[in-house]
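Engineer: Sequence:
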Amino acid sequence: MTRTFVLGAVTCALLLPAIPALARWEGRVVAKDSLTYPNTPIPDPTGIAYNARNGTFLITDAEVDETPSLWKNRNLFIVGRGGALKAARRLKMTTEPEGVAWWGAKGFLFVADDDQDLILRYGRGRDGAIGTGDDKVVKLINTRRWGSLDPEGVTFYPKGTVLIWVDASNQQVYKLRRGRDRRFGTADDRVARFGTAKFGFTEAESVAINPATNHLFIVNSNVNEIVETTFKGVLVRKIFMPSSVCPPACNLSGLTFAPGTDGSPRRLYLTDKGIDGDFNPDPSQVNDGELYQIRFVNVP
Numbered sequence: 056m057t058r059t060f061v062l063g064a065v066t067c068a069l070l071l072p073a074i075p076a077l078a079r080w081e082g083r084v085v086a087k088d089s090l091t092y093p094n095t096p097i098p099d100p101t102g103i104a105y106n107a108r109n110g111t112f113l114i115t116d117a118e119v120d121e122t123p124s125l126w127k128n129r130n131l132f133i134v135g136r137g138g139a140l141k142a143a144r145r146l147k148m149t150t151e152p153e154g155v156a157w158w159g160a161k162g163f164l165f166v167a168d169d170d171q172d173l174i175l176r177y178g179r180g181r182d183g184a185i186g187t188g189d190d191k192v193v194k195l196i197n198t199r200r201w202g203s204l205d206p207e208g209v210t211f212y213p214k215g216t217v218l219i220w221v222d223a224s225n226q227q228v229y230k231l232r233r234g235r236d237r238r239f240g241t242a243d244d245r246v247a248r249f250g251t252a253k254f255g256f257t258e259a260e261s262v263a264i265n266p267a268t269n270h271l272f273i274v275n276s277n278v279n280e281i282v283e284t285t286f287k288g289v290l291v292r293k294i295f296m297p298s299s300v301c302p303p304a305c306n307l308s309g310l311t312f313a314p315g316t317d318g319s320p321r322r323l324y325l326t327d328k329g330i331d332g333d334f335n336p337d338p339s340q341v342n343d344g345e346l347y348q349i350r351f352v353n354v355p
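Be aware that the sequence shown starts at 56, since it is given in the numbering used here, and climbs by one per residue.
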């Protein structure tokens with residue numbers, strides 16, 4: 056595992072009282088960790104969620120099975136905030152775990168599958184772990200009901216019990232609120248949505264919510280920018296990822312918020328799948344997954 060630290064003089068907290076409308080914002084790396092572990096690599100990380108209870112990330116790889124020499128029958132990885140691989144597991148009932156979200160209060164993992172057009176919910180079995188044979192799995196939401204045929208990243212807003220996902224094909228962000236029966240996937244669910252094309256995003260990969268502001272953060276395949284919006288989809292700012300941080304081969308794929316390893320109470324963590332194994336199965340080229348931890352800098 057290779058780890059790089061980058062320090063800078065000007066740091067802006069993620070909790071901002073006001074954001075200048077004409078400001079230019081850049082993402083600066085606090086730490087960067089390689090996910091090319093020798094025994095069970097994560098060449099194309101597609102989803103990431105944070106489990107605050109044990110301080111680890113749950114990272115999925117929906118494409119590692121398409122590179123046979125790298126496929127170790129594992130598509131869920133437990134990774135520490137410092138980049139260390141803690142465990143490698145297999146999510147049953149899906150070979151395309153594109154996005155993940157963690158509901159800590161219930162111990163549920165939500166998984167978006169873009170082949171089945173489903174959001175699945177995983178509960179722990181007797182072993183107390185997610186990603187093992189005794190998981191309790193529910194096909195929670197058929198996204199086709201809402202016109203979503205390519206669900207990718209997913210996040211969860213526990214205060215309002217809202218599931219949020221992005222669709223890479225129709226460029227929509229879906230916000231599904233459960234109804235009076237307090238269950239997802241039933242007739243009284245309510246959905247609101249907004250488009251991402253107005254931000255220049257035509258293939259949105261992932262979405263995360265900042266619990267301090269309820270703002271949404273969205274990334275798009277092969278675009279070195281992060282878009283921050285209000286919960287209703289109004290643009291707040293774009294955060295540019297310069298080539299010194301995210302090189303031309305950068306392919307941002309997942310994002311979540313977690314405490315920083317530098318002592319910050321909240322940083323944005325991003326997965327980068329680099330060269331997509333879907334299009335180039337050569338293991339010498341596609342085993343390039345990385346995890347970024349970034350801060351936001353206002354550039355004059």
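Be careful, since some hints might not be right.
To be verified - Mimicking PhoX-like on lysine-lysine, the simulated pairs with C-alpha atoms at most 20 Å apart in a straight line are:
{"no.": "1", "residue 1": "Lys-87", "residue 2": "Lys-127"}
{"no.": "2", "residue 1": "Lys-253", "residue 2": "Lys-293"}
{"no.": "3", "residue 1": "Lys-147", "residue 2": "Lys-127"}
{"no.": "4", "residue 1": "Lys-191", "residue 2": "Lys-214"}
{"no.": "5", "residue 1": "Lys-161", "residue 2": "Lys-194"}
{"no.": "6", "residue 1": "Lys-141", "residue 2": "Lys-214"}
{"no.": "7", "residue 1": "Lys-253", "residue 2": "Lys-287"}
{"no.": "8", "residue 1": "Lys-161", "residue 2": "Lys-191"}
To be verified - Per label pair, the in silico range of CB-to-CB distance:
{"no.": "9", "residue 1": "Asn-225", "residue 2": "Val-354", "range": "31 to 37 Å"}
{"no.": "10", "residue 1": "Arg-199", "residue 2": "Val-354", "range": "41 to 47 Å"}
{"no.": "11", "residue 1": "Thr-150", "residue 2": "Pro-338", "range": "17 to 23 Å"}
In case anyone wonders, no lab produced these hints; they're calculated from the structure.
Yeah, the Cβ is synthetic: ideal placement off N, Cα and C, and Gly gets one too.
Engineer: Does the hinted range 41 to 47 Å hold for Arg-199 and Val-354 at CB?
Structural biologist: The hinted range 41 to 47 Å holds for Arg-199 and Val-354, with Cβ atoms some 42 Å apart.
Engineer: If you draw a straight line from the CA of Lys-87 to the CA of Lys-127, is it 20 Å or shorter?
Structural biologist: It is violated: about 24 Å lies between the C-alpha atoms, which goes past 20 Å.
Engineer: With the threshold set at 20 Å, check whether the alpha-carbon distance from Lys-161 to Lys-194 stays at or below it.
Structural biologist: holds, 17 Å
Engineer: Take the C-beta atom of Asn-225 and the C-beta atom of Val-354, compute their distance, and say whether it sits inside 31 to 37 Å.
Structural biologist: holds, 33 Å
Engineer: Taken at face value, is the distance from the CA of Lys-127 to the CA of Lys-147 at most 20 Å?
Structural biologist: Judged against 20 Å, a Cα distance of about 14 Å means the pair holds.
Engineer: Does Lys-293 lie within 20 Å of Lys-253 when you go C-alpha to C-alpha?
Structural biologist: holds, 12 Å
Engineer: Lys-191 and Lys-214 were given as a pair; does the straight-line alpha-carbon distance stay at or below 20 Å?
Structural biologist: violated, 24 Å
Engineer: Take a quick look at whether Lys-253 and Lys-287 sit within 20 Å of each other, Cα to Cα.
Structural biologist: holds, 14 Å
Engineer: Quick check on a hinted range of 17 to 23 Å for Thr-150 and Pro-338, using CB atoms only.
Structural biologist: holds, 18 Å
Engineer: Compare the distance between the alpha carbons of Lys-161 and Lys-191 with 20 Å, and conclude whether the hinted pair is satisfied.
Structural biologist: holds, 13 Å
Engineer: Is it true that the CA of Lys-141 sits at most 20 Å from the CA of Lys-214?
Structural biologist: Between Lys-141 and Lys-214 the Cα gap is close to 30 Å, so the pair fails against 20 Å, i.e. violated.
In terms of the numbered hints stated before, the structure departs from hints 1, 4, 6, listed from lowest to highest.
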